[in-house]
Amino acid sequence: MKITSVFPLALKSILLNKSRSFLTMLGVIIGVGSVVLLTSIGTGLQAYVTDQFASLGTNILYVVPGNPFENGGFGGETSMIESTKPVLKRRLYNQVIRNNRDLIKEGIVTGVNVAEAKYKKTTKKVTLYGVTSSYETVYNTKAESGKWFNATEEEKSERIILLGPKIAEELFGKVDPINKNILLNGQAYKVIGVLEEKGGGFGGPSFDNYVYIPLETLFKYFDTELIDSFVFEVRDKEQIKEATLAIEKTIGKELDEDEFSVFDQSQLLTTINSILGVLTVGLGGIAAISLVVGGIGIMNIMLVSVTERTREIGLRKALGATPNFILAQFLTEAAMLSIIGGLIGLVIAYLGSLALQPYFPAKVTMEAVVLAFGVSTAVGLIFGVAPAKRAAKLSPIEALRYE
Amino acid sequence: MLLRLNQVSKNYKIGDAVIRALDQISLQVQEKEFLAIMGPSGSGKSTFLQVASMLAEPSEGEIFLNDVEVSAYNEIQRAHLRNKQIGFIFQSFNLLARTSALDNVLLPMFYAGEKTDSYKVKQKAKEMLERVGLGDRLYNTPAQLSGGQQQRVAIARALINDPSLIFADEPTGNLDSKSGEDIKKILKDLNKEGKTIIMVTHEEDVADIAKRRIVFKDGQVLSDDRKK
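Each protein sequence line maps, in turn, to chains A and B.
At position 159 of the first sequence (counting the first as 1) the number is 159 in our numbering, and the numbers step up by one without a gap.
At position 36 of the second sequence (counting the first as 1) the number is 36 in our numbering, and the numbers step up by one without a gap.
Some hints here could point you the wrong way.
[As the list claims (entries may be wrong)] Heads up, incomplete: computed chain B residues facing chain A, CB under 10 Å, no partners named:
| # | residue |
| --- | --- |
| 1 | ASN83 |
| 2 | LEU95 |
| 3 | LEU96 |
| 4 | GLY113 |
No lab work stands behind these hints, which were simulated from the structure alone.
All C-beta atoms in this analysis are idealised placements derived from N, C-alpha and C, irrespective of residue type, glycine included.
With the rest of the complex left out, here is chain A:
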């Protein structure tokens, strides 16, 4: 007899006990479903972050104090504030711009602080993002209403601000914020513009939540002299490397090598993606535990099934079924349960990722599909061995006598 003839046999016995088969599969369905869905969220997140960075511009270079890539990468907002040594000087920035007109088109100097913002009865803790007026052109961030401040207003340290769209809504609701005054740490500032939406953030800091303030104003009224970063817009994407070296050379004349870093989007992206990658694997690994539990469920039911069908096995053996054929039959049945469960789980994960897409970037990848399919097959085979062996070993006489 051909070994392929076990397939219809196994399928038939799965279909004979539809509800039990389904319940047995449930463990694998949940296991595969959660593994695929969670990894799809992780990979979707990576793709999203990459897109976001691309939208910010790929020809941007950053200069920050110290080395943010050391000690496990970025610590976010707090580490920016806590990087306390005022190593970056306005003078250095001016030198870079002056010396590299051929490479660098424009630049921004930034500083960060936090403050309590108040409009009428609404109070919010906000991030103050001190920037130079060139921010508008370098990041291509237009004011949706109102206008950006200009270089003159910045030099005069005027008490004017722009709001990210989210913080504008949180403070003002439906009121138009333009030309209204808000209090920052108790002092009045005039809102001159609200920026267009940039998106992103996922609950973390987002450009839409910042209060944009002229850098000189920030320095004058918020008791800080600390430059957080220089941002340089390179004329041509191809010149990124060249520009990095030029900036390092100019600033390196005054600062030690480890006192500052120059990096571009791609470095930042690599770091963030590697963090997200670890996160994805971790989440998938936790979900994989449920796959093992699903496999144990299959083994359990197959053992029950072998006991229940003892007489049937005895009869099949009496009529000429070899032990290997019986082994193959039960192993195939276990594998089929697991594979069908895996496929259902995959469909559920795919539908789940579609349902998530309006709120969250989820992406089912081919790797996840192949992995889920392979793992569910393996689970069925591994956990099917013990019951199938038991069936194959049954003596036909004992089995026929079994009540």
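Following the hints, position chain B against chain A.
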């Protein structure tokens, strides 16, 4: 010689005790014979049937089927032998539940490696069922058949691979007397057509249809009589 047992014994271990269920049996069966094996329970008649039908291995002795020694066969060889040369009829029918009469009859052909969905093979199974009077019940499952009908399906199944030997273990034991009569008649007719049958029974009237009667006691042959 179709079947020859030479000094065959079978021991069972139950706990520490060894029970000798068959004690040096020597027996010869010719083609077209019809044997009734009788004896009280525990006499060894069922063990004889299991050993002679290759379901169980003998502990000692030799068994020849068509002059080939089969007592030394391994499990796989014995499975093939049972499939091709032996037909089984059980007391409790042992049909596959929720499976049609036709598919039950096809089972030995499936294990013989035949394509059970081919027209020719199906036709043969249909003929077998018609022969036992179930031509109109091909697609009924065991639950939809009476006991007598189920046993007739089992007989059709035993015949499908055209075996040399048919073993029947109390074939009428689970049947009412009317159905029992039908089965007796079918078995008698099969023997008339040339089938060799070895049947275990404890009922006198069933044993009467056989041409040779062997009585077992304590694992040995007590008597071996042929009908004149």
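Against the structure, the hints come out as follows:
1. ASN83: holds, 2 Å
2. LEU95: It holds, given that the least Cβ distance between LEU95 of chain B and chain A is near 8 Å, below 10 Å.
3. LEU96: With Cβ-Cβ at 6 Å, under 10 Å, it holds.
4. GLY113: holds, 4 Å
Consistency note: the structure conflicts with none of the earlier hints.
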